[in-house]
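A.B. asks: Chains B and C with the ligands: place on chain A using the hints.
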Amino acid sequence: MNDTAIKTTELSHSYGPKAALKGLNLSVGEGEIFGLLGHNGAGKTTAVSLLTTLIPPTEGTATILGLDIHADADEVRRTIGYLPENVQFYGNLTLLENLRFFARLSGLDKPDARIREVLEFLDFTGHESERLSTFSKGMRQRVGIAQSILHNPKVLFLDEPTSGLDPQGVRNLREIILNLNRHFGMTIFMNTHLLAEVTQTCTSIGVLREGELVYQDSLAATLTAFPDEASLEDIYLHIEARPER
Amino acid sequence: MNSLLVIARRELTDLKRTRFYLILFGFLAVVMILSVIVASFDFRAKIGDYNLYLDTLRRSGSTETPPAPQLFPLQLLRGSIEYLELIGALFAIIIGYGTVAKEKQHGTLHLIFTRPVSRFTVAGGKVLAFAVAWAVVTAGVFVAMIAALLVIGNAPLQLIDFERLALTAIIAWLYLMLWSCVAMGLAARARRASTGLIVALVAWLVVVLIIPQIGDTMDPDNQVPGGLFKSLAVAKPDEKAVMANFAGFDDIRNGLEVSSITKHFERPAFALLGIKDQYNQQPVGDVWASMLPYTITLTLAFMGAVGFTALATTKRALLRRES
Amino acid sequence: MPQVLLAVFVGMVTASSVIGWLTNQVVTSVYDRTFAAGLTTQPNPFSAVSPLYYAKNTVIYIILIGALLAIVLGVQSTIRDRKAHTFDLVLSRPVRPASYLGAKLAGLLCWVAGILALSALISWTSISAIVGSVLSPGDTARLLGFYALAWLFLLPFIILGMLTGVYSRRETTALLVPIVIWSVVTFVVPQLGTAAHPVSLLNPVPAIASQGGVFQLANLVLGPLSLTEHFKQASAFVLGDTATTGSPLLSLVVMVAFAGCMLVVLLTTQRDRMRSPLDE
Ligand SMILES: Nc1ncnc2c1ncn2[C@@H]1O[C@H](COP(=O)(O)OP(=O)(O)O)[C@@H](O)[C@H]1O
Ligand SMILES: [Mg+2]
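Residue numbers (our numbering), protein chains in the order written: chain A, 7 to 251; chain B, 31 to 353; chain C, 4 to 283.
No wet-lab data here; the hints were simulated from the structure.
These numbers come from a predicted model, not from an experiment.
Don't take every hint at face value.
Unchecked claim - With the C-beta cut set under 8 Å, the calculated list includes, among others, these residues of chain C facing chain B:
#: 1; residue: V33
#: 2; residue: E174
#: 3; residue: T175
#: 4; residue: T176
#: 5; residue: F218
What the hints assert, rightly or not - Lysine to any residue pairs mimicking SDA-like chemistry, simulated, CA-CA at most 20 Å apart:
#: 6; chain 1: A; residue 1: K143; chain 2: A; residue 2: E103
#: 7; chain 1: B; residue 1: K266; chain 2: C; residue 2: A40
#: 8; chain 1: C; residue 1: K107; chain 2: C; residue 2: L266
#: 9; chain 1: C; residue 1: K86; chain 2: B; residue 2: Q135
#: 10; chain 1: B; residue 1: K270; chain 2: C; residue 2: S32
#: 11; chain 1: B; residue 1: K260; chain 2: C; residue 2: P46
#: 12; chain 1: B; residue 1: K260; chain 2: C; residue 2: T44
#: 13; chain 1: A; residue 1: K24; chain 2: A; residue 2: E65
#: 14; chain 1: B; residue 1: K306; chain 2: B; residue 2: L197
#: 15; chain 1: A; residue 1: K143; chain 2: B; residue 2: H136
#: 16; chain 1: B; residue 1: K270; chain 2: C; residue 2: N27
#: 17; chain 1: B; residue 1: K132; chain 2: A; residue 2: F141
#: 18; chain 1: B; residue 1: K260; chain 2: C; residue 2: S32
#: 19; chain 1: B; residue 1: K345; chain 2: A; residue 2: P62
#: 20; chain 1: B; residue 1: K132; chain 2: C; residue 2: L281
#: 21; chain 1: B; residue 1: K132; chain 2: A; residue 2: L99
#: 22; chain 1: B; residue 1: K260; chain 2: C; residue 2: A40
#: 23; chain 1: A; residue 1: K143; chain 2: B; residue 2: Q135
#: 24; chain 1: C; residue 1: K107; chain 2: C; residue 2: D275
#: 25; chain 1: B; residue 1: K266; chain 2: C; residue 2: T43
#: 26; chain 1: C; residue 1: K86; chain 2: A; residue 2: N92
Where a beta carbon is used, it is the ideal one built from N, C-alpha and C, also for glycine.
Extracted from the complex, chain A is given alone in its bound form:
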């Protein structure tokens, strides 16, 4: 039996009067790849922002490997890695400089050896002294993955990691995610609205609708629970269409 990596209890957040996340109860085991599905505006980014200590919960709590996201925020930050949606990094800095910056902020004092290791793992060497302003979207996304794993986080949060990538880029990224999980046992929490992503990478899924979690189960259980459905897309639509309980 796995230990719990991420556990949320009635986790909620409102932007002013707008409730973006409503009483999220979720549990993700260590070593899992969890996919959080939902339409645009469902509250996925809000959930990740809460778990990565960017915004405080208006109600409820959550723990990452037993650490409270509010009380032990700094410990949580050392434990997690994060790749936000659409981050562009510092175009005036080289790849190496960008990575050094984030490594140092994560507490690595002599980061160069580790950076080399990570870049080799990502098969991304040879660009160290190029400025990021010259990088393509796909390359930037690799920079994003690189910076997120520099400090060997146990839990990795990825917000819509494949958005805007071409098919080859999507495939590369998927392999990287699976490798991270396999080789380092990283727990991965990813947001997506691309259903194909989920069937090919995730071990369990959850579905958000207007801030509420309407479904959570393992991928295998989901596929057996809906034997008539041809694809996850249909399941997703099926769940989405269910009347509220």
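C.D. replies: Leaving out everything else, chains B and C with the ligands in the frame of chain A:
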């Protein structure tokens, strides 16, 4: 390495590599040097006029020798200091705004705040970067001006002159830092960074240009091209005597000028450099002492701006979504 | 920004009549004192000034606030199109860039004319109130003439803003480059020609050129480029300020030339320039 230093270092690298900023700094240096050149040519022209005048006096058989215009080299810096207060402040705003706007735009703040950094680290790192950048730029333009004085103005500078210049450079640094911090705080607070820029630009317009301008045009002497008293052929001591009767009006005018922080930079700068006749060639200690109130308010304003930007540049303000 | 600037502008136009009047009261008594003390025998340079003299600070506010407002309006009008990619849409229709940009400019000019008309009304009312009688038709015509000059003066700045809005890679540069150019035209160019100190150029009284040979030359070369000085010159003439010298006709020619050149540049903007993407 401390996170604050990490952030400051990155900021400095970014400043150094942004071509637009380098152009701005270069532009500032160029106009300040040009101004020294113009002033020294102007002085030469005055000497020429004087010699002509002397000739005509001689020819008309007069033995009287009017005093020759005397060169006080530091006075040639007047225009440069004015550029620093006008254009320097504008550039300080641009830079202060830029550091926040870029990060908001590139989404990097979201990453920084998931790292174990404390509350004031981001603001502190950026302010530290400004401090270094403005120290370098201020030192640079002052060295350039000194070079211009020595080479073009052909001016003999004494040790005491360097002391005056150094003190002026320090208050210039305070003044520029103030604007950068205000602009950074405004850009951080505003939902859209560009709104913060606009507020800062309007503040610049009002504080740097409009208020001192009102004070300037209310000066009776400025009502006639070339000066009222000059056109009436009234000498300086008589001018003072007449103006003593208008102390109330002058108080209002002064109050207006003093409400602009720019004057709290300009007045000590002009006093230290001897641009204001009253303080010309006075001992530095005396000038410094009589300008202390302005230097104190400038320092307080500087500290206020740093405090404002430290409080405004919070995670919460920075991560607010643009709408 | 336009709203804030507009508020500052209208506020300053209103204040300027009061400031002008107050200053004039003081300076007249300064003269009286000087004369009474026997320090001068010159006639009072202010005895014959027209009431329009009170509005002369408005000249500066046109140069300071009006020009910045014009720049911002210009930048926004084109950058907005690029941000929303509406240029792409418009240019896929049978529309020539010149007619599209020209129409935009015409719209902005109407807007600016409206603002200036409002300012003229404010000036007229406040001066009438200060003098205690309605301005004469002649003075009213002069005031209107001055605001027409202001409109002509602002035109190149609107176009400058539109152009940087079309050519810049970023919104910030689009806004800042014309402001820097404005500061060069307002401070640097006149300083080089006259040796006047930058801040003193914010006095509505035009700067007098220094007499040295270098400056005569510099003034000859740079004089035509001192748009703001020419605007001051022409305004002083129109407002009936007898103390200023210089040729108002030359100033008018310079202003028209500036406007004309900028117009040509704007109307020859290339189609693909307008479609270049923003870096944001
Ligand atoms: N900073 C914010 N301020 C106000 N409302 C926000 C903010 N961020 C998100 N929202 C709103 O909260 C809801 C959830 O947003 P988000 O978590 O970004 O959804 P998702 O990532 O699933 O697309 C949306 O309705 C969005 O408009
Ligand atoms: Mg999202």
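A.B. asks: Taking the hints in turn, state whether each one holds.
C.D. replies: Hint check:
Nearest Cβ of chain B to the Cβ of V33 (chain C): about 5 Å, under the 8 Å cut. The hint holds. This hint holds: E174 (chain C) has a C-beta 7 Å from the nearest C-beta of chain B, less than the 8 Å allowed. Against a cut-off of 8 Å between C-beta atoms, the interface hint on T175 (chain C) holds, since the closest Cβ of chain B lies about 7 Å away. Restraint check, T176 (chain C) versus chain B: the minimum CB separation of about 6 Å is within 8 Å; hint holds.
A least Cβ separation of about 7 Å between F218 (chain C) and chain B falls short of the 8 Å threshold, and the interface hint therefore holds. For the hint pairing K143 (chain A) with E103 (chain A), the CA-to-CA distance comes to about 18 Å; that is within 20 Å, so the pair holds. Between K266 (chain B) and A40 (chain C) the alpha-carbon distance is near 14 Å, which keeps this suggested pair within the 20 Å criterion. For the hint pairing K107 (chain C) with L266 (chain C), the CA-to-CA distance comes to about 12 Å; that is within 20 Å, so the pair holds.
For the hint linking K86 (chain C) to Q135 (chain B), the alpha-carbon distance of about 15 Å falls within 20 Å, and the restraint holds. A distance of roughly 15 Å separates the Cα atoms of K270 (chain B) and S32 (chain C); the hinted pair therefore holds under the 20 Å criterion. A hinted pair counts as satisfied when its Cα atoms are at most 20 Å apart, and K260 (chain B) with P46 (chain C) qualifies at roughly 13 Å. A C-alpha spacing of about 13 Å is found between K260 (chain B) and T44 (chain C), which places the hinted pair at or below 20 Å, so the restraint holds.
Note on K24 (chain A) and E65 (chain A): the hinted pairing holds, with a Cα-Cα distance of about 14 Å set against a maximum of 20 Å. Proposed proximity of K306 (chain B) and L197 (chain B) is supported: the alpha carbons are some 16 Å apart, at most 20 Å. The suggested pairing of K143 (chain A) with H136 (chain B) holds, with an alpha-carbon distance near 13 Å, which does not exceed 20 Å. A distance of roughly 19 Å separates the Cα atoms of K270 (chain B) and N27 (chain C); the hinted pair therefore holds under the 20 Å criterion.
For the given pair, K132 (chain B) sits about 17 Å from F141 (chain A) by alpha-carbon distance, which is consistent with the 20 Å threshold. Pair hint K260 (chain B) plus S32 (chain C) holds up; C-alpha atoms about 17 Å apart against a cutoff of 20 Å. For the hint pairing K345 (chain B) with P62 (chain A), the CA-to-CA distance comes to about 11 Å; that is within 20 Å, so the pair holds. For the suggested pair K132 (chain B) and L281 (chain C), the alpha carbons sit about 14 Å apart, so the restraint of at most 20 Å is met.
At roughly 13 Å between alpha-carbon atoms, K132 (chain B) and L99 (chain A) fall within 20 Å of each other, so this suggested pair holds. A threshold of 20 Å between alpha carbons decides the hint, and for K260 (chain B) with A40 (chain C) the separation of about 16 Å falls inside it, so the pair holds. Between K143 (chain A) and Q135 (chain B), the direct Cα distance comes to roughly 16 Å. Compliance with the 20 Å bound is thereby established for this hinted pair. Between K107 (chain C) and D275 (chain C), the direct Cα distance comes to roughly 18 Å. Compliance with the 20 Å bound is thereby established for this hinted pair.
About 13 Å separates the Cα atoms of K266 (chain B) and T43 (chain C), which keeps this hinted pair within 20 Å; it holds. A C-alpha spacing of about 18 Å is found between K86 (chain C) and N92 (chain A), which places the hinted pair at or below 20 Å, so the restraint holds.
Checked against the numbered hints above, the structure breaks none of them.
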